[in-house]
Structure formats: C-alpha cells, structure tokens
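J.: In case you want the letters, here they are:
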Amino acid sequence: MPYCTTSVIDLAALIDAVAGPECGGIATFVGTVRCGEDDGPVRHIEYSGYEEMIEAEFAGIAAEARARWPRTRTAARHRIGIVLLGEASIAVVVAAPHRAEALDACRFMIEEAKRRLPVWKKEVLQGGEAVWRDNTGRRVPSGGGPRDPD
Amino acid sequence: MSILRIRCRLFARYAELLGRDEVTVELPAPAVVSDAVRRLRDVLPEGRLLPERPLVAVNQRHVLPGEPLADGDELALFPPLAGG
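As given, the protein sequences belong to chains F and U, one line each in that order.
Take the first sequence: its letters are residues 1 to 150, numbered as in the numbering used here.
Take the second sequence: its letters are residues 1 to 84, numbered as in the numbering used here.
Some hints here could point you the wrong way.
[To be verified] On the chain U side, residues computed to face chain F include the following (Cβ under 7 Å): (1) Ala12; (2) Arg13; (3) Gln60; (4) Phe78; (5) Pro80; (6) Leu81; (7) Ala82; (8) Gly83; (9) Gly84.
[Unchecked claim] Straight-line alpha carbon distances no greater than 20 Å define the calculated EDC-like cross-link-like pairs of lysine to aspartate or glutamate that follow: (10) Lys114/F x Asp134/F; (11) Lys122/F x Glu16/U; (12) Lys122/F x Asp21/U; (13) Lys114/F x Asp104/F; (14) Lys114/F x Glu52/F.
[Stated by the list, open to error] Only some residues are given here: those of chain U computed to face chain F with a beta carbon under 8 Å: (15) Phe11; (16) Ala57; (17) His62; (18) Pro79.
Don't read these hints as lab results, they were simulated from the structure.
The beta-carbon is built from N, C-alpha and C at its ideal position, and this holds for glycine as well.
Based on the sequences and whatever the hints tell you, model everything.
T.: As structure tokens, then:
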C-alpha cells in the first residue's frame, strides 16, 4: 500500500496490518489537524507533497526502524489534500514483542517523518486567510527566506 | 564543453511564488546544485524570491548544495518541510 493517501486514514486497518501472534504490543502515533495558537480558528489544512519521494523516504524510514528494532512490524500513512480540523494527517503504527521496542520505533519513525518527508501544509483559517507552516508550526514568511527569524 | 539538462521542480510556496512548478535549465559541465539554484534565481521572473540555499533533493534524495549534477537529473527545491 502507498504511504500517501487522499482518503481518511483507517487506523484500525493499519493496526490489523502489523498485528500478529508474536507481537505483545502495538504503539500508534496519530497526528491531527488542530487550531493554531496565534492565528485563530483553523478551517482545514491543505497538504501537498512530492509523492514519489514521500514513498521512497517513508520506505527508507521503515527499513531503518526495522534494522534498529529487528522484531518490529511497521505501517504508516500521510494524508495529501484537504484535511479537516480534528482529522488525522499522519499515522505511524509499530508492533513488537515488547512495548519498549514498539514505543521506541514508533517515536523514531514519526520524528524522522517530520524531519525528512517532503510535505507542506497550508493552513486555511475560518476567515479564509491561508498561512504556510513549517514542521515546527511556525508561519513561513511570504517572501523567499526559508523561515521567519527567531 | 558538454551541457547538462536539469529538470527543476518547485513545490508548495515556491511554486506559488514563481507561478510554475517545473522548469528545465541547461548548465555547462561540471556543475553542482548551487549552480542550478543560482541559474534559477537569475533567469526566472521572480527568481530572486527563491533563497540562495533552499532545501534540495536530487533524484528524490536529500542533498547539500555542493552535490554534483549529471545530465538528466531531477532537482527539487523545497520550502521548509511541514509533514505530520
């Protein structure tokens, strides 16, 4: 299954995909669209991405996780397109014989996904204003600089 | 002197700023990523809106500005990433 999807993420299906009799724990991370802290209510977020590279990067991240925690089984999805307030934009699921491996590998995968996936989000506020955000949640300036100064 | 044809792709805010998501540039060999970025900034209308050192990928792999380019490479320029 591709990692990118334009459909609502089916967390139960991801859990089913990794579950097995050898697994004693399943860790999940689900990232959801939330209201911004400084710009008012969010209507939705428009996610866009370099989909061919997202597939390659996510596959690489999963392979790295399985190399580091060999007994884990992994699944993940990232939404592309319009994602409404409260809906999941990303999900990472890791099954392992014991909880420590599952939790550690899940944390690794979401942190690497945030750092490496070529995905961008444009927040559309209730008033109609659109704001580009980076992966720390900061507003991206309208000019060409990589980000606002701290 | 050989010429490298590099397919450059622009994403998200950069595509919005420049009004296009793809352009091919020709560079004399040898060339590195920063040469292609400089060319884009010089030749595209609004090209100066691109940063001098954007995040970049070549053939779907994150690289640094000094990465050598080969004829037919795909260079992608990324605004700050925002996955998750």
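J.: Could you run down the list of hints and mark each one as holding or not?
T.: Consistency of the hints with the structure:
1. Ala12: 4 Å, holds
2. Arg13: Since the shortest Cβ distance to chain F is 5 Å, the answer is holds.
3. Gln60: At about 4 Å, which falls below the 7 Å cut-off, the nearest Cβ of chain F leaves the hint on Gln60/U intact, so it holds.
4. Phe78: Nearest chain F Cβ about 6 Å off; hint holds.
5. Pro80: 4 Å, holds
6. Leu81: 5 Å, holds
7. Ala82: Holds. Min distance 4 Å.
8. Gly83: 4 Å, holds
9. Gly84: 5 Å, holds
10. Lys114/F x Asp134/F: 10 Å, holds
11. Lys122/F x Glu16/U: Judged against 20 Å, a Cα distance of about 12 Å means the pair holds.
12. Lys122/F x Asp21/U: 17 Å, holds
13. Lys114/F x Asp104/F: Since the Cα atoms of Lys114/F and Asp104/F sit roughly 16 Å apart, the hinted pair holds (cutoff 20 Å).
14. Lys114/F x Glu52/F: Given pair Lys114/F, Glu52/F holds - Cα atoms ~17 Å apart, limit 20 Å.
15. Phe11: 6 Å, holds
16. Ala57: 6 Å, holds
17. His62: Since the shortest Cβ distance to chain F is 7 Å, the answer is holds.
18. Pro79: Check passed: Cβ of Pro79/U comes within 6 Å of chain F, closer than 8 Å.
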